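Below are the chains, spelled out letter by letter.
Number of protein chains: 4
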Amino acid sequence: MARTVIEISGHIIDSLILPKVLDLIVNLGADFEVLEVEVGKRRADRSRALIQLDAGTPELLGQVLAKVKEHGAVPVDAESETARVEPAPADGVFPEHFYATTNLLTRVRLNRDWLEVENPEMDCGIQITARGDAARTLPMHRVQKGDLIVVGHGGVKVAPMERRVPREGFEFMSSSVSTEQPKGLLIHEIADTMRRVREARGKILMVAGPGLVHTGAARHLVELIESGYVQVLFAGNGLAVHDIESALFGTSLGVYLDKKVRAREGHEHHLRAINRIRRAGGIRQAVAQGIIRSGIFYACVQKGVEFVLAGSIRDDGPLPDVVTDTLKAQDLMRENIRGVDFALMMATTLHAIATGNILPATVKTVCVDINPAVVTKLTDRGTFQAMGLVTDVEPFLRELCQYLKPGASTRRPGAAG
Amino acid sequence: MARTVIEISGHIIDSLILPKVLDLIVNLGADFEVLEVEVGKRRADRSRALIQLDAGTPELLGQVLAKVKEHGAVPVDAESETARVEPAPADGVFPEHFYATTNLLTRVRLNRDWLEVENPEMDCGIQITARGDAARTLPMHRVQKGDLIVVGHGGVKVAPMERRVPREGFEFMSSSVSTEQPKGLLIHEIADTMRRVREARGKILMVAGPGLVHTGAARHLVELIESGYVQVLFAGNGLAVHDIESALFGTSLGVYLDKKVRAREGHEHHLRAINRIRRAGGIRQAVAQGIIRSGIFYACVQKGVEFVLAGSIRDDGPLPDVVTDTLKAQDLMRENIRGVDFALMMATTLHAIATGNILPATVKTVCVDINPAVVTKLTDRGTFQAMGLVTDVEPFLRELCQYLKPGASTRRPGAAG
Amino acid sequence: MARTVIEISGHIIDSLILPKVLDLIVNLGADFEVLEVEVGKRRADRSRALIQLDAGTPELLGQVLAKVKEHGAVPVDAESETARVEPAPADGVFPEHFYATTNLLTRVRLNRDWLEVENPEMDCGIQITARGDAARTLPMHRVQKGDLIVVGHGGVKVAPMERRVPREGFEFMSSSVSTEQPKGLLIHEIADTMRRVREARGKILMVAGPGLVHTGAARHLVELIESGYVQVLFAGNGLAVHDIESALFGTSLGVYLDKKVRAREGHEHHLRAINRIRRAGGIRQAVAQGIIRSGIFYACVQKGVEFVLAGSIRDDGPLPDVVTDTLKAQDLMRENIRGVDFALMMATTLHAIATGNILPATVKTVCVDINPAVVTKLTDRGTFQAMGLVTDVEPFLRELCQYLKPGASTRRPGAAG
Amino acid sequence: MARTVIEISGHIIDSLILPKVLDLIVNLGADFEVLEVEVGKRRADRSRALIQLDAGTPELLGQVLAKVKEHGAVPVDAESETARVEPAPADGVFPEHFYATTNLLTRVRLNRDWLEVENPEMDCGIQITARGDAARTLPMHRVQKGDLIVVGHGGVKVAPMERRVPREGFEFMSSSVSTEQPKGLLIHEIADTMRRVREARGKILMVAGPGLVHTGAARHLVELIESGYVQVLFAGNGLAVHDIESALFGTSLGVYLDKKVRAREGHEHHLRAINRIRRAGGIRQAVAQGIIRSGIFYACVQKGVEFVLAGSIRDDGPLPDVVTDTLKAQDLMRENIRGVDFALMMATTLHAIATGNILPATVKTVCVDINPAVVTKLTDRGTFQAMGLVTDVEPFLRELCQYLKPGASTRRPGAAG
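Residue numbers (this note's numbering), protein chains in the order written: chain B, 1 to 417; chain D, 418 to 834; chain S, 835 to 1251; chain H, 1252 to 1668.
Looking at chain B on its own, in the form it has when it is part of the complex (with noise of 0.2 Å):
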């Protein structure tokens, strides 16, 4: 028989944290006793509740106190606690009870002092410096023999994501799958946020799969680029090749975007696109040489957007700019994430996924899909931040345009309807 008490305040009770972490325990078959709750007498007020845990053994005890911590309940005497390090046993391995992050906000108690994790990322360890004076999460294939990394629960915080309750804005996405929605205002909000980021310099990063060409929705991101919405554009190879096919032949997966027949071996175009730019050494020589005048990719180079082409197994080519080796490209892909502020992912499930694994929790995120499907992946693995907007990607980007156009005006549509 093992006890404790534990404290958790804040929002707990609209913010459905207290429910949560109470029937946490019991599932987990521990038992609790309500010692005291103060519930905020309004709306702004915070709440505080004092629970007692009794589990039949310490190590459930430990199980539980693991479990609830990530929704910010401690034991009240845990405040005193150190986190426990051990070094690495292996290149590539972290030791066996290393404690297994979220993407929520972390901090590790060391030399008696909180250190906020650095680079929030689920499914990462977190290493600790030798002096003991930072912490950052660390990927699996990047920890070496060594490194000092964090083992148990003990001495780690975690901040849990207070939902707040939806007010004007967002307030559909929380159904995030419906296709029957008025979309209008949820892609006004969308370019308010978008708008609101840059004004205060904030980075856009944008995360699209190739059916953005396919559409003829390419002009539209090229437009966002050109304005400055644009900072940071993970995509694929078959984005970037159905771009530059489309520059180079007029064509999409050899169809002409702007007649509706297919060309005459079209369907060897994005061959011929592939070949030409390995053999100009890459996308930036060939917007340097004048093969490539237009597009997705030569609004990036011309407008310095950074971009991580993410190598798979299902590509022709590759392109050059490629980075084919997927643990190098998931670096890339991490170092160009820092500070970004708003996440646009559209038509594509692995590069959605794989963004939205190493992305922290504070990130915005709004991901665009005809297919509910890839919506509901993104948030079952983890992803709970990202809201999802079911439609089709042209007709979506060609009025996020509208609203974000330098004149638009920032009245809502339908509002004098």
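If you are wondering where the hints come from, they were derived from the structure by calculation, not from laboratory data. There's no promise every hint is true.
Claimed, not checked - Quick list of in silico lysine-lysine cross-link-like pairs, DSS-like style, CA-CA up to 25 Å:
id, chain 1, residue 1, chain 2, residue 2
1, S, Lys901, B, Lys377
2, D, Lys745, S, Lys1162
3, D, Lys437, H, Lys1271
4, H, Lys1554, H, Lys1628
5, D, Lys720, D, Lys562
6, B, Lys377, B, Lys145
Unchecked claim - A few chain B positions that, by computed beta-carbon distances, are all more than 10 Å from chain D:
id, residue
7, Trp114
8, Gly155
9, Arg196
Claimed, not checked - Some, not all, of what chain B presents toward chain D, calculated at C-beta under 7 Å:
id, residue
10, Gly154
11, Gly216
12, Gln289
13, Asp392
14, Pro395
Just so it is clear, the structure is predicted and the values come from calculations on it, not from any experiment. Note that the Cβ used here is the ideal one computed from N, Cα and C, for glycine as well.
Given chain B, put chains D, S and H in place with the hints provided.
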């Protein structure tokens, strides 16, 4: 052993009719010998083939003949055959061996003349007038005891759809369920078709589901109605209720369409809207009394657009205008499709399939839905002329309206890009 | 400025009722102060909260009270309030301010007594008997001029569903639309539930679409009927037609279910099947006359299972047993859901939603479909108690039958693995 | 003005090749005259057509010839033409006018001999050995400066797939994405095919996604491996991780597969599983060290099944066995498909498409997924020989295993019913 010789003519090679007929013969267990083929030397020319059929039994031969007839293959000695008729044995019951219709143009031979069957519709019988001077399709529930009904396949000829090789227009649509297409051009085609139909004083039928209102697309449909691009509207209680809820309360399913917030008690708005229209006596009365002052049905009443609201078991209320008997609703729909040249089905499965069931194969049909399964279902059920467009209905209608605006250029989108 | 004090009690914290009520108050534009909270010390204990409400106007206060009432929050002084009634102004029309029902257990206070409203059903009115000694839900189309109908929210109390924390059974189903789940255990749960219902002499309702026959699953449903696991069957013309086509011709939609080949002229089989049953006078007559000797409806007739065949505008024929008037069909469904303890909906959207509309929230409901959208639609439309299982209906029913076989172990699958 | 005469022969009418060729000619802007047609008198006979081509320019004529060649149409004077080759201008770069391959059987004419191109694969070049005595496909990334590569279309012949008229087996599959089918028979067909392949000592390739483990289907795959029905397995990190998580912890994504409860801290299980295998050095080492004692990959190691784990950017870890470079992974997959006779793809989009990209069109391929879009994507991308089965993978594999059990009857299911 039974043998006969059949002839097929027309664009039998490039419309794939010849290979299909040969397939059928073998699949049914008979054998064939190609006696003669004259292939049109040029694309515009017609071809002609004489094929000898051998079947194990006269019954099998009859079955094969019945089947290949759907593709326009007729026995060379069949021109002299006359259709057989039998009286219906009871109200609502066909004679056992009634000829079951397709939705293709059909002719029956009576008294030496080939009569065109009126109102082609699939899965009906063919009724012959007492005088034998006219033939028309008859749905099963409308046959009356003693009506003369065609039995067997003799003396019945079907004009197969010669799938013309797609050129410019609608070419893409063949691969109907793809979501990765440049859709702007297809929408442009649809606009062109609608404009041509109206210039020729033809009729356009819209079939629409309630998603049109939820997604904020109703105002586009209103615009089309006001511009004269809708002559008939088929829908259910749901579309009308949410349109009227929107006219009365500004909400759809309790959601304010011009804000993102749920109305207070908004979930009841649709019920209160129904109740008020029931009290007024119906939609037309409510318009006359000034209760309904905007929306789709207001526009229909103002512009004299015929509408049929067909009942379903999931209806609330329903509105007094809803035809709750499904057979009466079908019959009313049958009356209203007379003379329709173009049918546009949007965001509805039930009404799209029900309409597809009664449309002749000669009516150009486009089905728009964000869910590819709807389009697949429609064509699987025999409405093979339907072309599908997998996209979001609100931006679809918005774009369609732009192309149909009086001053709108008829230049293709992107043609200059 | 208007103020009152409301009380909520029960498992208000772990069933998330308290936070939802606080959310609602703020969203509606009112303010609150939590006066008192007693949290149950243990899981089994009930909690209680007193909350002071402040609203800008008495109207707003009324709206807030109406809304929070759905979650069981009642003004502390409300116990003394009596429901107001008004006579219906015309046949089929409720008084303007009629109380619109939920599908939850509801009570109204008349003459000092709290009466339970019979037959909870959403989107209805509440009729009070002339004597004021009984209350029942009344669909809009059945109200008659002068019927006494509850208006306003005073004197009406709703018992909110306390979402019990999922334990063993059905736990997964919360994330209802996922396709990536071990489904064997869920099917085992469903079998257990069905067995328990039958042991208690309860009623099981099956709602089924025609896909059951096309996919070869009909024989499993026959097995369930024969084993006494079906008391009521709701379906449409399609299921019956294809079942009878299969009994008469061995085909479904013209495809031989035990071979892979299309029947000769098989596309007409369903029409000929309908015609023969029409001639016989109906399904029961056709069974009696020896025309139908196998299949789902043969089994229903033999075992005395009640079935309701509701008409729809896409019906061919239809069979004489089909209730073509949708209001009559709804009413017949209403009669037949009395006493149902468990509802299993398979491979149908229309009938699942229509049934969901009339089921009380207390009936355990499982919806099985290969298309996740069906499940989403059902719960979006208010049947929130429905748990979804996204899988193929034929293997689902096959496995369910295995678990329900008389000798079948009640051990969980894989428990030994 | 340019003119030539082409010949096509074979089952050109019932395999629809003739109409397609005529279509192509006209679509490309050329004109034709049918000089001669000999239609096979019987089904087994081959047909032959001579067609005169007229094009406005020699360039257009060349394009038309290039295109119709894919369907086996060759200029009557072409048999004497020889393939032209050019050296690759740089590593990884083809000559500008390289011949882009299809996945069909292809021959090139060198020194008067027609050589069969080894390893048919789409979207590659054709490399000729220095001696000119052999030809093989070469993916773009593997070409080395100076390699001799075929350019233009002269001297290249493709054997078109003659779509045989479907008879018994796989007939349904033509309408591949329908979810409303009796699937038992299709699964029986697949089992028959697998049995025949194994009796002839052929190779079976399985391509599988992680959903196999989540849905509890892994044990069926284990059974197939142990019974010798799997020679090669293509998958990603995910399948292996969840299989090994299951072997080590009994969970998949933290869910106990034989209960319905989430494991305590189960969400970390997959990370801990990866970490342990990384420590062990790899899957084979972990099996040897007794760490892995069950599951798919245990069975693969025991039975000597080749497996390729291809990396992707969404991988956690990954396992040491994962080939993180996507080009190396592709090349390893290419090696392992040599000699494969049958490919079964289950519950994976990425790996199915990547495998489809490199498979010759002659390999029978079946793609099983609960999502119809996966099957559509696969065939849209050129793997037109793939037949789709839209169903749930767990019951699919369960049923397949039953049919493949040593004592299993080869009688068709339902044949006695």
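Consistency of the hints with the structure:
Distance restraint check for lysine 901 of chain S and lysine 377 of chain B: the Cα-Cα separation of roughly 34 Å exceeds the 25 Å cut-off, and the hinted pair is therefore not satisfied. Pair hint lysine 745 of chain D plus lysine 1162 of chain S holds up; C-alpha atoms about 14 Å apart against a cutoff of 25 Å. At roughly 14 Å between alpha-carbon atoms, lysine 437 of chain D and lysine 1271 of chain H fall within 25 Å of each other, so this suggested pair holds. With a CA separation close to 33 Å, the supplied pair lysine 1554 of chain H and lysine 1628 of chain H exceeds the 25 Å bound.
Distance hint between lysine 720 of chain D and lysine 562 of chain D is unfulfilled; the C-alpha atoms sit about 41 Å from each other, more than 25 Å. Restraint check for lysine 377 of chain B and lysine 145 of chain B: the C-alpha separation of about 35 Å exceeds 25 Å, so the hint is violated. For tryptophan 114 of chain B, the shortest C-beta to C-beta distance to chain D comes to about 38 Å, beyond the 10 Å cut-off, and the non-interface label holds. Chain D leaves glycine 155 of chain B outside its interface by the beta-carbon criterion, the shortest separation being 43 Å against a cut-off of 10 Å.
Chain D leaves arginine 196 of chain B outside its interface by the beta-carbon criterion, the shortest separation being 17 Å against a cut-off of 10 Å. With a least beta-carbon distance of about 44 Å to chain D, the hint placing glycine 154 of chain B at the interface is violated under the 7 Å criterion. This hint holds: glycine 216 of chain B has a C-beta 4 Å from the nearest C-beta of chain D, less than the 7 Å allowed. Interface restraint check: glutamine 289 of chain B against chain D, minimum CB-CB distance 23 Å, threshold 7 Å, status violated.
Of the supplied interface hints, the one on aspartate 392 of chain B holds, with its beta-carbon coming within about 5 Å of a beta-carbon of chain D, less than 7 Å. Hint on proline 395 of chain B holds. Least Cβ distance to chain D is approximately 3 Å, under the 7 Å limit.
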